[in-house]
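Going by full-length UniProt numbering, the first residue of the first sequence is number 1, and it counts up by one from there.
Don't read these hints as lab results, they were simulated from the structure.
By construction, the Cβ of each residue, glycine as well, lies at the ideal position given by its N, Cα and C atoms.
A portion of the hints provided could be inaccurate.
Within a straight-line C-alpha distance of at most 30 Å, the following computed DSS-like cross-link-like pairs (lysine-lysine) qualify [claimed, not checked]:
hint: 1; residue 1: Lys254; residue 2: Lys267
hint: 2; residue 1: Lys214; residue 2: Lys193
hint: 3; residue 1: Lys267; residue 2: Lys256
hint: 4; residue 1: Lys265; residue 2: Lys254
hint: 5; residue 1: Lys214; residue 2: Lys256
hint: 6; residue 1: Lys270; residue 2: Lys254
Estimated spans, in silico, between C-beta atoms of each pair [what the hints assert, rightly or not]:
hint: 7; residue 1: Glu23; residue 2: Pro191; range: 46 to 56 Å
hint: 8; residue 1: Asn141; residue 2: Arg39; range: 46 to 56 Å
hint: 9; residue 1: Asn175; residue 2: Arg240; range: 22 to 32 Å
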Amino acid sequence: MTFEEFGLSEEVMQGLDAMNFQEATPVQEQTIPVILQRRDLIACAQTGTGKTAAYILPLLNLLSEYPGSGDKVRAIIVAPTRELAQQIDMQFAGFSYFLPISTAVVSGGGDGSSWEQQKRGLTLGADIIIATPGRLISHLNISNVDFSGVEYFILDEADRMLDMGFYDDIMKIGNSLPAKRQTIMFSATMPPKIRQLAKNIMNDPVEVNVAISKPNEAIDQSAYVCYETQKMGIIDWLFREPTGTKTIIFSSSKQKVKELTFALKRKKYKVAAMHSDLEQPEREAVMLDFKNNKIDILVATDVISRGIDIDQIGLVINYDVPHDPEDYIHRIGRTARANAEGTAITFVSEKEQGKFHRIESFLGYEIAKRELPEGLGEGPVYAPAQENGGRRRGRGGRNNGGGEGRNGGRSRNRRRGDKGARENVSKPPSAKNTKAAAPESPKKEGGENVAQQAQKSSNARRRNHRRRRSRSSNNGNTPSGQSEQ
DNA sequence: AAAAAAC
């Protein structure tokens, strides 16, 4: 389905064109018409399915079609992390290039737009406020806001925000807005609390479900079953030659992210850490360096596991197994974006087998196990305990087969430590998605690949849009996106 | 069992 069929305005269509959007994704197909009808909407959709554009486009259309009540804030968007808020703002900047619509980001961290600047946006009326909950509440508590003209209230990643304990804050924000408004909620899952929230802040919402709680099929998933002490050796093996693609290494704790980054830096990898202990300006600098290929490897907590959309990440490594299956899907969803392919490799230590097995159960299939690289010795057998598996567990039989289930064949290979088998399965990490695999390819200092060049020019294009836009459509309020770059 | 978000 193409965007023409939605009946979007000429300006929005031009914005789409500038952003190089052509085909609508399934989420967009289902939600855009509902939003244009001015109905409340609750949409169950994964990140990476184009859901940001699914509300930005109709919102821009509505904002330009119906005049607002003067210089007041007309739309509030709330998102769980600062990075996501920034990214949403970026998208607005691109799509609204041909429209006189201003945005302001209201989030914590001290950087970006200052408190005073945010206050101006909230009172003098940027058309659209994109906020993280904590900071928005702060402004609300001090009455730094004029929400009397708000017509649209949008919650992005609503389930995530509830996980973070923002239920009351979101209710409070909702209650501070005019009752006569359109409320739109996107959520990756639909737990009871989300339904309850919807009931409280929405009015007869249309429900759309495009939740593919499945990873993108373009992701080549695999895992190393290993001992904790072997993990660094695997990293060294994976990066023994340039991969030619950006990599994110996820770890579940800040401490481990820091340690890992330190270790990799000592080994001269071009690496940086990303976690919430960094000052906000540093967080932004790191993300920018990663986007611009100044850094090859980003070691990160789950702060960027959701929603973050960076092109040309060909490889995601889970240095440890994420705590729950949803996290896994989000993490690996950072690769294989926009029709690209990608590789996701998970390191499963002896203690993490149970967690990993839960992920496999959730997915409904086994994830291929890689043989450990030469020289690292044998790994453990993959024989996850079948917790709450009840009868599957069988008295005492677990260790010799009960736990292996459908994966029996692979595990047996491993147990035997059959060298031939190992060499057959062993392969470079990203052979599938890059020229990376070219064995002797020179260090990529000078030579950037086509994808990287494309990325650069697209960045340049965006910068241009922004610049011209703020010249032409600056109404003295808070111009969009200056917190970027 | 961890991370995120406000000062």
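Sort out which numbered hints this structure fails and list those numbers smallest first. Per hint list: 7, 8, 9 violated.
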